[in-house]
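Asker: This is what each chain is made of:
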Amino acid sequence: MTSQPAAQVDTAQVDTGAFITDAWYVAAWPDEVTRAPLRRILLNRPVLLYRRRDGVAVALADRCSHRFVPLSLGHIEDDDVVCCYHGLRFGPDGRCVHNPHGDGAIPRAAHLPAYPLVERFGALWIWLGEGAADPARIPDFAILGDRARFASVCGVMHVAANYQLITDNLLDLSHAQYLHPGLRVADPVRLRHETRQEGDTVWSFFWRDEGVGNGLMRLLGWPEGRRGNSRAHMRWDPPSLLLLDVGIAPLADDDAPGIDAPSAHLLTPETATTTHYFWSFMRNTGRDDTALDARIRALGVQAFVGEDKPVIEAQQDNLRGADIMAMNPVLLAPDAAGTRARRIIAARLAAG
Amino acid sequence: MTSQPAAQVDTAQVDTGAFITDAWYVAAWPDEVTRAPLRRILLNRPVLLYRRRDGVAVALADRCSHRFVPLSLGHIEDDDVVCCYHGLRFGPDGRCVHNPHGDGAIPRAAHLPAYPLVERFGALWIWLGEGAADPARIPDFAILGDRARFASVCGVMHVAANYQLITDNLLDLSHAQYLHPGLRVADPVRLRHETRQEGDTVWSFFWRDEGVGNGLMRLLGWPEGRRGNSRAHMRWDPPSLLLLDVGIAPLADDDAPGIDAPSAHLLTPETATTTHYFWSFMRNTGRDDTALDARIRALGVQAFVGEDKPVIEAQQDNLRGADIMAMNPVLLAPDAAGTRARRIIAARLAAG
Amino acid sequence: MTSQPAAQVDTAQVDTGAFITDAWYVAAWPDEVTRAPLRRILLNRPVLLYRRRDGVAVALADRCSHRFVPLSLGHIEDDDVVCCYHGLRFGPDGRCVHNPHGDGAIPRAAHLPAYPLVERFGALWIWLGEGAADPARIPDFAILGDRARFASVCGVMHVAANYQLITDNLLDLSHAQYLHPGLRVADPVRLRHETRQEGDTVWSFFWRDEGVGNGLMRLLGWPEGRRGNSRAHMRWDPPSLLLLDVGIAPLADDDAPGIDAPSAHLLTPETATTTHYFWSFMRNTGRDDTALDARIRALGVQAFVGEDKPVIEAQQDNLRGADIMAMNPVLLAPDAAGTRARRIIAARLAAG
Chain A
1 MTSQPAAQVD
11 TAQVDTGAFI
21 TDAWYVAAWP
31 DEVTRAPLRR
41 ILLNRPVLLY
51 RRRDGVAVAL
61 ADRCSHRFVP
71 LSLGHIEDDD
81 VVCCYHGLRF
91 GPDGRCVHNP
101 HGDGAIPRAA
111 HLPAYPLVER
121 FGALWIWLGE
131 GAADPARIPD
141 FAILGDRARF
151 ASVCGVMHVA
161 ANYQLITDNL
171 LDLSHAQYLH
181 PGLRVADPVR
191 LRHETRQEGD
201 TVWSFFWRDE
211 GVGNGLMRLL
221 GWPEGRRGNS
231 RAHMRWDPPS
241 LLLLDVGIAP
251 LADDDAPGID
261 APSAHLLTPE
271 TATTTHYFWS
281 FMRNTGRDDT
291 ALDARIRALG
301 VQAFVGEDKP
311 VIEAQQDNLR
321 GADIMAMNPV
331 LLAPDAAGTR
341 ARRIIAARLA
351 AG
Chain B
1 MTSQPAAQVD
11 TAQVDTGAFI
21 TDAWYVAAWP
31 DEVTRAPLRR
41 ILLNRPVLLY
51 RRRDGVAVAL
61 ADRCSHRFVP
71 LSLGHIEDDD
81 VVCCYHGLRF
91 GPDGRCVHNP
101 HGDGAIPRAA
111 HLPAYPLVER
121 FGALWIWLGE
131 GAADPARIPD
141 FAILGDRARF
151 ASVCGVMHVA
161 ANYQLITDNL
171 LDLSHAQYLH
181 PGLRVADPVR
191 LRHETRQEGD
201 TVWSFFWRDE
211 GVGNGLMRLL
221 GWPEGRRGNS
231 RAHMRWDPPS
241 LLLLDVGIAP
251 LADDDAPGID
261 APSAHLLTPE
271 TATTTHYFWS
281 FMRNTGRDDT
291 ALDARIRALG
301 VQAFVGEDKP
311 VIEAQQDNLR
321 GADIMAMNPV
331 LLAPDAAGTR
341 ARRIIAARLA
351 AG
Chain C
1 MTSQPAAQVD
11 TAQVDTGAFI
21 TDAWYVAAWP
31 DEVTRAPLRR
41 ILLNRPVLLY
51 RRRDGVAVAL
61 ADRCSHRFVP
71 LSLGHIEDDD
81 VVCCYHGLRF
91 GPDGRCVHNP
101 HGDGAIPRAA
111 HLPAYPLVER
121 FGALWIWLGE
131 GAADPARIPD
141 FAILGDRARF
151 ASVCGVMHVA
161 ANYQLITDNL
171 LDLSHAQYLH
181 PGLRVADPVR
191 LRHETRQEGD
201 TVWSFFWRDE
211 GVGNGLMRLL
221 GWPEGRRGNS
231 RAHMRWDPPS
241 LLLLDVGIAP
251 LADDDAPGID
261 APSAHLLTPE
271 TATTTHYFWS
281 FMRNTGRDDT
291 ALDARIRALG
301 VQAFVGEDKP
311 VIEAQQDNLR
321 GADIMAMNPV
331 LLAPDAAGTR
341 ARRIIAARLA
351 AG
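Heads up: the protein sequence lines correspond to chains A, B and C, in order. In this text, residue positions in the first sequence follow this note's numbering: the first is 1, and each later residue adds one. In this text, residue positions in the second sequence follow this note's numbering: the first is 1, and each later residue adds one. In this text, residue positions in the third sequence follow this note's numbering: the first is 1, and each later residue adds one.
Okay, chain A solo, but in the shape it has when bound:
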């Protein structure tokens, strides 16, 4: 296991109000965006989301260029949005296409920013930065869209905490043993842990050999008491896109099928102290079992909303406005991956 001595970490000066803008973030799950305007604050900016008649989802600044009223208070007409206040009309590319006033001339400054928005891997990704919006820079979440192998349930949770506190949480799954009774394992001492970094991608691997399955595995069909080789491998890409490969494989002399239950944890900062947490749980068993869908959703809500969210929000509150790294937290072995992630974010922010 890689351990990071506190002395080498220098992220205290990170301004948690600063965001990495040259990056893809999830703006919404596809079914959240319809022909009705949807307003969402992303990286402190008001964003309007809606679909054109041909079904393509678009994202504009949710702030009319004239009096700065939210366009989301207006209505969608054909492919355009019409401001509720004075009737200015904007195309899905942000261009002002109609000024009903005076001589109808459209000042160049009337056009609005449209943000690149792509539907990929079963999610809607937005680019709010200055650099080139190359969808190839979205980390690989092909698994999210692999309906042939996996059934999935997904949702979005609002958390009153800085996104990095959630990243810390996810990159240190040792907390499950304490905070999540439903995910606890009976024999934690058999855990092996390793942190790896490749470029700016960080992995946090957990293995548990020859153990019984936890509550989630049993829910997915793994028999009570049967031993297998468990794994929980978290992959993080900056700023806050995580893929968790969780599963249990049969022992060598066992011909039972293995269970794969990957999940995606896609964090989009709303403000410096609030975050949109998009999650998706996949599974390779009971793919058509809608009752199982509901049980998995309930387990997720219990773990995230009932257990993680109150603790992370209490943590944010307990910081009383300070940056956590500036308060010199004690760093323990399982913080290795989270510390690497924070250092990568700090370097990117410092690079401007």
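Don't read these hints as lab results, they were simulated from the structure. This one's a predicted model, so the numbers in the text were calculated from it and none came from an experiment. For each residue, glycine too, the CB sits at the ideal point set by N, CA and C. One or more of the hints may lead you astray.
As the list claims (entries may be wrong) - Examples of chain C residues toward chain A, derived with CB under 7 Å: (1) His66; (2) Phe68; (3) Val69; (4) Tyr85; (5) His86; (6) Arg95; (7) Gly102; (8) Pro107; (9) Ala109; (10) Ala110; (11) His111; (12) Phe121; (13) Ala142.
Stated by the list, open to error - Derived DEER-like restraints, expressed as beta-carbon distance ranges: (14) A/Glu32 <-> C/Ile106: 42 to 50 Å; (15) C/Ala18 <-> B/Pro135: 31 to 39 Å; (16) B/Glu130 <-> C/Arg137: 50 to 58 Å; (17) A/Val156 <-> B/Gly225: 48 to 56 Å; (18) C/Ala249 <-> B/Glu32: 47 to 55 Å.
As the list claims (entries may be wrong) - Residues on chain B that point at chain A, a partial pick, calculated with CB under 7 Å: (19) Met157; (20) His175; (21) Leu183; (22) Ala186; (23) Trp203; (24) Val311; (25) Ala314; (26) Gln315; (27) Asn318; (28) Leu319; (29) Val330.
Knowing the structure of chain A, use the given hints to seat chains B and C on it.
Answerer: Just chains B and C now, with coordinates in the frame of chain A:
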């Protein structure tokens, strides 16, 4: 129409937290002020309003000179107010007239500011400034008190927005066409518009010749489908006192009576981001018709509370603390009057 | 009576956000602290309170050294507290005694501050300062624990005001005459008042000779209309610990028993603008009368929660963020004691 190119406007540096204090503002409608103490924050100052036994309304700082408790928590005794905390008693002129403690001597610093308050044009006007409080400086709203010609309904609405955003709204009535279905006209292309300025008074004139009446005119008795010459003329005096002359006159060959429905829109800042909006609707028809009173009140509540208020408050929120002019809004033709008003306010504030 | 001319008072520069930390404060009434974790913010710091198995109450920083989550979200195990997030375990002395991660080594920085906490005079006192925590420095409140002479009822009230506004209130009991009808006396002109200071202890004495008892005295058994010598003597010790000796003694030719009803008013700042107000009412009559307990509690709630609290909170709000002394309040005769107390606090804060 006068149009104001953005480049000539230099109001970005206006501190929306600063108020013009040498000016008359409406403190209350007369029937709001009684023998019971009324507290109201005006221009960020706590003000106590009550009536003397002879019915004269007075205004004092609502902050005892001793421990700064609101006097409005106390009670009125004869013409004085008695502090609930230690019994200091103040006359309607702000003088401390009784100190029940020690030797009863009254320190000079115990006296409170009393603010000039006059009942004029059917409203109570307050002067919070340093300069001479000359009631002749109240703009002419004689129409408000003209009970011989007009029936009226009035009210006050609390808006979570800077008063200048409301001034913008009122000086650009083109928004009615988009935001107020009940006031929309069927043939907006026949609108003529003109902006005029005389000293520091700004007018925004709208005419619509030979058109049918809108919903308000029909409510006031103008027959459906009959054509006439409509007008909506807004007069603005600094800082935020507006008189709207709305009506429809019969065509030359028509002997139907015309309809006059002037209204007053009197804005008093509470704080930099909240405003007391006093409104009064008058009409020269159905003067004794209390059912019509109720319908007009309902229309006003629908337009102001149901339509304007949420949009203006969303606009304030969308500014996220910035001054709107510092964000370089696109200025369109109908902004001419509002821009003049903002420039006059900026000049007054700059002059100190 | 000692009167303090305003000119000699120089407490305007006091930062009400600064607290005297080298002092004992009440953290809780003993029965509030159990085997379940209790979180309380004291002097802007999160504090965890709980009892060891042997019943001894302890106080730790309520902020895990690892990720700063409140330990009060965790659970008590034997004499230790276990963090809910990653299972770190801390002894009642604040030492981290178990790190379940990695090699289990415990970094020195993992230990938490434990705060001296003593149970004395029927209250739990905490020391949050740097200096030596000598319980002998707790002012004498032996009367609080004197169950042989007194029955008592106690409670704690949360007040949204700086603690010094409450000290002002308590050191100037002349306000009772105006704010508390239940404590008003019929003949206030016979009041004598004196302020004394000895070291940093301030007394404010009120005597009323040969008067009838007020509502409280009658509630405690003093007959309606019988005359006696009343007293209300307040003792203040910095920063905000007050003992009030209230009672009525029979006249020389009267063999009726006297009534003693001392009370303690122990203020602990929560933040610069909020305070925990611990109160205890004692009496030497009806000591086993639980109905009387209830009536006294109701009287206290009426006076503190119903009468003092709204006025003091309105006072705090009316200051709109300013320090009261910086606003040059008029100082009257009954402010003598409160002004001395403020001067002592200012001197202590200035001394660092």
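Asker: Look at each hint and say if it fits the structure.
Answerer: A quick look at each hint next to the structure:
no.: 1; hint: His66; verdict: 5 Å, holds
no.: 2; hint: Phe68; verdict: 5 Å, holds
no.: 3; hint: Val69; verdict: 5 Å, holds
no.: 4; hint: Tyr85; verdict: 5 Å, holds
no.: 5; hint: His86; verdict: 5 Å, holds
no.: 6; hint: Arg95; verdict: 13 Å, violated
no.: 7; hint: Gly102; verdict: 3 Å, holds
no.: 8; hint: Pro107; verdict: 5 Å, holds
no.: 9; hint: Ala109; verdict: 5 Å, holds
no.: 10; hint: Ala110; verdict: 5 Å, holds
no.: 11; hint: His111; verdict: 9 Å, violated
no.: 12; hint: Phe121; verdict: 31 Å, violated
no.: 13; hint: Ala142; verdict: 37 Å, violated
no.: 14; hint: A/Glu32 <-> C/Ile106: 42 to 50 Å; verdict: 46 Å, holds
no.: 15; hint: C/Ala18 <-> B/Pro135: 31 to 39 Å; verdict: 48 Å, violated
no.: 16; hint: B/Glu130 <-> C/Arg137: 50 to 58 Å; verdict: 52 Å, holds
no.: 17; hint: A/Val156 <-> B/Gly225: 48 to 56 Å; verdict: 52 Å, holds
no.: 18; hint: C/Ala249 <-> B/Glu32: 47 to 55 Å; verdict: 52 Å, holds
no.: 19; hint: Met157; verdict: 18 Å, violated
no.: 20; hint: His175; verdict: 5 Å, holds
no.: 21; hint: Leu183; verdict: 14 Å, violated
no.: 22; hint: Ala186; verdict: 15 Å, violated
no.: 23; hint: Trp203; verdict: 18 Å, violated
no.: 24; hint: Val311; verdict: 6 Å, holds
no.: 25; hint: Ala314; verdict: 5 Å, holds
no.: 26; hint: Gln315; verdict: 5 Å, holds
no.: 27; hint: Asn318; verdict: 5 Å, holds
no.: 28; hint: Leu319; verdict: 6 Å, holds
no.: 29; hint: Val330; verdict: 5 Å, holds
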